[in-house]
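Read left to right, the sequence shown gives residues 77 to 245 (our numbering).
It should be emphasised that the hints constitute simulated quantities derived from the structure, not laboratory data.
Errors might be hidden in some of the hints.
Restraint ranges, calculated between C-beta atoms of paired labels, are given here [claimed, not checked]:
#, residue 1, residue 2, range
1, Ser240, His87, 10 to 20 Å
2, Asp153, Ser131, 20 to 30 Å
3, Asp153, Asp237, 38 to 48 Å
4, Arg152, Gly89, 35 to 45 Å
5, Asp106, Gly197, 37 to 47 Å
6, Glu244, Ala127, 34 to 44 Å
7, Asp106, Thr137, 37 to 47 Å
8, Tyr124, Asp97, 15 to 25 Å
9, Arg152, His178, 36 to 46 Å
10, Asp179, Arg152, 17 to 27 Å
Where is the CB? At the ideal position from N, CA and C, for every residue including glycine.
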Amino acid sequence: MSTGSRRVEVHPGREAVVEFDPDLTFECVDECTWCCTHGVLLYERDFYELAERASLDDTTTQFRGEDFVKKEAKDRDEHVGEDGEACVFLRDDGLCSLHAEHDWKPTRCSVYPLAVSVEDGDIHVDVRESAWEHCEGMNVSERKVVDNLDAFLPEVLWELDDPSSDREL
Numbered sequence: 077m078s079t080g081s082r083r084v085e086v087h088p089g090r091e092a093v094v095e096f097d098p099d100l101t102f103e104c105v106d107e108c109t110w111c112c113t114h115g116v117l118l119y120e121r122d123f124y125e126l127a128e129r130a131s132l133d134d135t136t137t138q139f140r141g142e143d144f145v146k147k148e149a150k151d152r153d154e155h156v157g158e159d160g161e162a163c164v165f166l167r168d169d170g171l172c173s174l175h176a177e178h179d180w181k182p183t184r185c186s187v188y189p190l191a192v193s194v195e196d197g198d199i200h201v202d203v204r205e206s207a208w209e210h211c212e213g214m215n216v217s218e219r220k221v222v223d224n225l226d227a228f229l230p231e232v233l234w235e236l237d238d239p240s241s242d243r244e245l
């Protein structure tokens, strides 16, 4: 474990190695939808949960053998990818229709702005480098990430063969 790393129990019997500053705070900021521009990887459980809320034919695609939420062209200038696209569930008002209308979001959306990797069988968590550059919610609130890891790291991550978050559409 590198200096500054520490083990934290996230869920009963489920630990993660935290590699970011324990004083880091994060809170989503209105209108900042930068994280919605990457194409969301759907783990198997997310895929089935999404099927209960939306048409998979209309909202998902496969890339390199994995399921992702589709991206689509958006009629907005801010917080879209370089291709002018963002998640199909991103509404014009900047809210996620899955979260706003169904009080649910895919695992990968919960994890943001953290990055998950696996080393020697342990889940390691750090902040995505790109979040420091683009995400407006870093260190703007009192909500310490390390104290709320259960909200960022759903328990399903410990059940996956590969929970690493470096796969994008």
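Exercise for review: Just tell me: holds or violated, for the beta carbon distance of serine 240 and histidine 87 against 10 to 20 Å?
Suggested key: holds, 18 Å
Check your understanding: Are aspartate 153 and serine 131 spaced within 20 to 30 Å by their CB atoms?
Key -> holds, 28 Å
**Study point:** Supplied distance hint 17 to 27 Å, evaluated on CB atoms of aspartate 179 and arginine 152
**Key:** holds, 24 Å
Review point. Is the distance from the Cβ of aspartate 106 to the Cβ of glycine 197 consistent with 37 to 47 Å?
Key: holds, 39 Å
Exercise for review: Kindly confirm whether 38 to 48 Å is satisfied by the beta carbon distance between aspartate 153 and aspartate 237.
Suggested key: At roughly 39 Å between Cβ atoms, aspartate 237 and aspartate 153 fall inside 38 to 48 Å, so the hint holds.
Check your understanding: Has the hinted range 35 to 45 Å been met by the Cβ atoms of arginine 152 and glycine 89?
Key -> holds, 43 Å
**Study point:** Cβ distance range 15 to 25 Å for tyrosine 124 and aspartate 97, holds or violated
**Key:** Hint violated: Cβ distance 36 Å, outside 15 to 25 Å.
Practice item. With respect to the beta-carbon atoms only, verify the hint that aspartate 106 and threonine 137 lie 37 to 47 Å apart. Key: violated, 29 Å
Review point. Honestly, do glutamate 244 and alanine 127 meet the 34 to 44 Å range at C-beta?
Key: violated, 22 Å
Check your understanding: Given a hinted range of 36 to 46 Å, is it respected by the beta-carbon distance of arginine 152 and histidine 178?
Key -> Distance hint for arginine 152, histidine 178 is violated at roughly 22 Å.
Hint violations for this structure: numbers 6, 7, 8, 9, all remaining hints satisfied.
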